[in-house]
Amino acid sequence: MKVLVAIKRVVDYNVKVRVKADNSGVDLANVKMSMNPFCEIAVEEAVRLKELSIKEGRVATEIVVVSVGPSTAQEQLRTALALGADRAILVESAEDLTSLAVAKLLKAVVDKEQPQLVILGKQAIDSDNNQTGQMLAALSGYGQGTFASKVEVSGDTVAVTREIDGGAQTVSLKLPAIVTTDLRLNEPRYASLPNIMKAKKKPLEVLTTDALGVSTASTNKTVKVEAPAARSAGIKVKSVAELVEKLKNEAKVL
Amino acid sequence: MTILVIAEHDNTVVAPATLNTVAAAAEIGGDIHVLVAGQGAGAVAEAAAKIAGVAKVLVADNAAYAHQLPENVAPLVAALAHEGGGTGYSHILAAATSNGKNILPRVAAQLDVDQISEIISVESADTFKRPIYAGNAIATVQSNAAVKVITVRATGFDPVAAEGGSAAVEAVVAAHDAGTSSFVGEELAKSDRPELTAAKIVVSGGRGMQNGDNFKHLYALADKLGAAVGASRAAVDAGFVPNDMQVGQTGKIVAPQLYIAVGISGAIQHLAGMKDSKVIVAINKDEEAPIFQVADYGLVADLFEAVPQLQQLI
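For the protein sequence lines, the chains are W and C, in the order given. Sequential numbering of the first sequence, starting at 1, is according to this note's numbering. Sequential numbering of the second sequence, starting at 1, is according to this note's numbering.
Isolated chain W, as found in the complex (with noise of 0.2 Å):
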């Protein structure tokens, strides 16, 4: 089976951003970058879908990672090469590209290596879009168990349990297929140093927008980026007592 897993280089989880002066968005300059959490979590189904077909005798799953982003975007697909991939694509783009302009350029990949299951994140931690794992499955025709807690390939099949604001919901998707990761499918290894050796020398090919032939023009334009509204920090209270009569009859909820 071939597995091909998007990553994206986002801004590291802990950073708080900052707003720029001028609105055009937020100040990105010596900031710490790293993958996107759920990012990670889609490596790691992939690379444990790996060793479950060594162990089961197999041939073994070959993972394809994928990146759509600026050059600097190889320091991640290098971290997804530590990690078990087995040979990486940037798709180099300094622009500030949509989900959708993403998710085409998946799609002309997709078309190239013909991958049986594509795993990305739900959702990127910058711009909060999750669209593009929905907008890829949309694009190649195939079904989509996006927020996965759960991956069982049997098959020609997956079977997929989603997190639904209700609980869990379980989907049965033909293979190819897509899946996007939530947060408790699996937890994310790290990176040993001998595999951090190993991965500088694993293949990773550049590709253009251009050589896909995708055309990346975007429907939305973001006008302004501004701070959002301060919540200013409030009182400290010496008791229970004290917290409960200021819920009553200050800030009267109770």
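If a hint is listed, it holds; no wrong ones were tucked in.
Calculated lysine-lysine pairs in the PhoX-like style (CA-CA distance at most 25 Å, straight line): (1) LYS236/W x LYS224/C; (2) LYS252/W x LYS275/C; (3) LYS236/W x LYS275/C; (4) LYS248/W x LYS278/C.
Covered stretches of chain W, as calculated for chain C (at least 3 residues, CB under 8 Å): (5) 122-129; (6) 156-164; (7) 244-253.
Read the hints as simulated data drawn from the structure, not as lab findings. Quick caveat, the model's predicted, so the values are computed rather than measured. Note that the Cβ used here is the ideal one computed from N, Cα and C, for glycine as well.
Once you have looked at the hints, place chain C on chain W.
Only chain C this time, still in chain W's reference frame:
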């Protein structure tokens, strides 16, 4: 302009988030149609027809839509996009629920337009505000798409009245069955407590709860308050409670009258899900915890003493 709102429902009742979504549609302006895609969803259609401000309800009742699988519902919505209201719909809206987030991007891609996710305000018919970077920035986004595809964050819009309308109900004869997916089963949490995103009071626990069993203290407090119980990502990550209780950037977004954060440090990603609450209370033994920076009332205390005490005093 005619706007199509996709009803959030379970074939039996209309979910409250639909009312917030209709409110967003009303702010955009124009006729509002509501689509009920399901199976045996007659009661939902009747209820949708009573929602204030709705002009027409479209019912696509078919086995293919029984579980609202996106592979089947998205082609239905995309087909309606071109036909609806005579000249086609100007906007397609859905609540930013797990269902809306699952279906709508698929619709947008089929229509070849960018989606605008989780709007919190309507600036004009083509311009909207939405949070990015876990709510640490608010983007104003303008769309020139012929059909604007949008998910609506319920906490950004006060719900319209569930009663008072008398819309016409019209059947849609369509059956898109892509054949790529099938429903296997569902496990829904049974609870007598209010739904997290609709509750007036929410009590949430974090890593400080130490284990899942200790959440019983929060359930007891919540039951006395008529509150819903939530959790931080850290508590879900640690396996204390299921993911459907998660409040935060990647979980549920809540804005109750009163939010009580217990043993929650206040990571960026948690604040993104609750900082629009009217009154925030934080109980934490670490007085340096960032949650105190957004709390109206902070109590530095051991939660295992403070929570039972709070339960007694209210």
